[in-house]
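Number of protein chains: 2
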Amino acid sequence: MRKPQLVKAEGLPDRVTIYEVGPRDGLQNESAIVDVAVKAEFINRLVDAGLTTVETTSFVHPKWVPQLADAAELLERLDLPEGVRAPVLVPNERGLDRALAAGVREIAIFASATETFAANNLNSTLDDQFAMFTPTIQRALAEGLSVRGYVSMCYGDPWEGDVPIDQVVKVGARLVELGCHELSLGDTIGVATPGHVTALITAFGAAGVGVEKLAVHFHDTYGQALANTLTAFRDGVTTVDSSAGGLGGCPYAESATGNLATEDLLWQLDGLGIQTGVDLQKLVETSIWMADQLGKPSPSRVVQALAG
Amino acid sequence: MRKPQLVKAEGLPDRVTIYEVGPRDGLQNESAIVDVAVKAEFINRLVDAGLTTVETTSFVHPKWVPQLADAAELLERLDLPEGVRAPVLVPNERGLDRALAAGVREIAIFASATETFAANNLNSTLDDQFAMFTPTIQRALAEGLSVRGYVSMCYGDPWEGDVPIDQVVKVGARLVELGCHELSLGDTIGVATPGHVTALITAFGAAGVGVEKLAVHFHDTYGQALANTLTAFRDGVTTVDSSAGGLGGCPYAESATGNLATEDLLWQLDGLGIQTGVDLQKLVETSIWMADQLGKPSPSRVVQALAG
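Protein sequence lines correspond, in order, to chains A and B. Heads up: the first sequence runs through residues 1 to 308, numbered per full-length UniProt numbering. Heads up: the second sequence runs through residues 1 to 308, numbered per full-length UniProt numbering.
Bound conformation, chain A alone:
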């Protein structure tokens, strides 16, 4: 299988952590409901390919996300090796109860950076969403869990115009104050460009949230994800979210393309000699297999090119 020619560049990290979101963020946004045994095999194959952080599922109410209604059963089936981190998404205290019952050690909560998305997705407002997060985060921390905070719609949403950077920083900084060890800055609709990425990371730094607490989460809806990710690496970020095979589409645009594909990211990282511990060939084979399970081709350009 073809590999990129290795040529390093200055000003980039030696190693980055890929935070794999395919099983949760990917499958949550696919129309097909995947069998729990297939999900377990998918996660096992991702771990076997070298991914060390895999968000496995979500304890959101099954009414809202029927694709992940089998969360508890899936976790029961998993027997992941020592050292592999397997966070789950938890929307509220009810979700936290279910996660705790399943023995979860890491959770992620999902906040909005814009009023309209808070209203549409969380039935809340920018301020009031914290009424839901605060007790969830506090109890999780008291139980010894670590908590990641997603901030969605950081660079634009489908309804509002430009999203003010200080508004995004305010939401994110508050999550860090509440005890989130990491923020994932989401470009949920894929519109960001590199200057915007740098400006947001810089503004977080000025507010006391350093790059070591930031992860980036780009969608490829407008083809911009990889250039933005590279920009974030230059700015010192070393954790990046991506989805094996580009699973997930984009729920807020008429496009087949959503999450940055882990393979497309890995091609760049392998070419740059940035260590990840992930085996591109095994990952591509996994995504080809998963595409077969879903009955539709992977939108990842690397998967398409190497599958041919």
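Simulated from the structure, these hints should not be mistaken for lab results. None of these values were measured; they are calculated from a predicted model. Take these hints with a grain of salt, some might be off.
Pairs count within a copy or across copies, as identical chains cannot be separated in the list.
[Stated by the list, open to error] In the BS3-like style, the derived pairs of lysine-lysine whose C-alpha atoms are separated by at most 30 Å in a straight line are:
hint, residue 1, residue 2
1, Lys63, Lys213
2, Lys282, Lys170
3, Lys213, Lys8
4, Lys170, Lys213
On the provided structure of chain A, position chain B as indicated by the hints.
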């Protein structure tokens, strides 16, 4: 129509020139043969959208590229405004004769950076290809034409392993010595990553070919084109090839994706506030119209997202 939020970044040029290759490189690699009237309208619409450099066609033998057999007729139909540059590809002296007869003022010639591609595409060798170019370039210059040199397979080809950077520089520097005013460094199969891009640009500089003589030409086969283009801008390059709507596919990979789409590029440039003079909305409308003519959707992610 949605636009990117404008946030500038440091270390990038204020303005770049988009060298539009859709009518030539794009249509040459589409299986459909497009009517000459449609081609003329396509070019007129591209110019109306603000593109000032459009490679219109190729005087290659119609047996090899039937898609562009109408080159002379197309040029007769065009009446482009003052200041618009309309280069054509010319493979050899016979092609140059036809271009001169058509009143062309700028040509481009097409060289290979690898032995195998020189053999397969030009029936030649790395050295012997110059036997074809040298008299073509010399006569073109004597006629007062300007000559661009494409160097293809700069970062890899479908048959050989890694392509040595000094081999690419040797081919390119020789074209500049022969009188090419600009080199277009082609990632014909789309495998390049940012460190490789910088290393090649740096090596050309060391050989006396400065960034002002370099254009970049990336294919998006592996999803890497836009990150590589951004890297080239950071390295001082200010001319970039792209294809409206991503026309062209990739003739050397099993992928629908070839040339970097002008719209995907323009989204990044508009977001960064880098001037191009091109109107994104008019361009997207043109690519939607052209996709309709070809009977297949544009592979451009921006066109897909905005067409929805």
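Hint check:
no., hint, verdict
1, Lys63 <-> Lys213, "neither (33 Å within a copy, 59 Å between copies)"
2, Lys282 <-> Lys170, "neither (40 Å within a copy, 37 Å between copies)"
3, Lys213 <-> Lys8, "both (25 Å within a copy, 24 Å between copies)"
4, Lys170 <-> Lys213, "within (15 Å within a copy, 46 Å between copies)"
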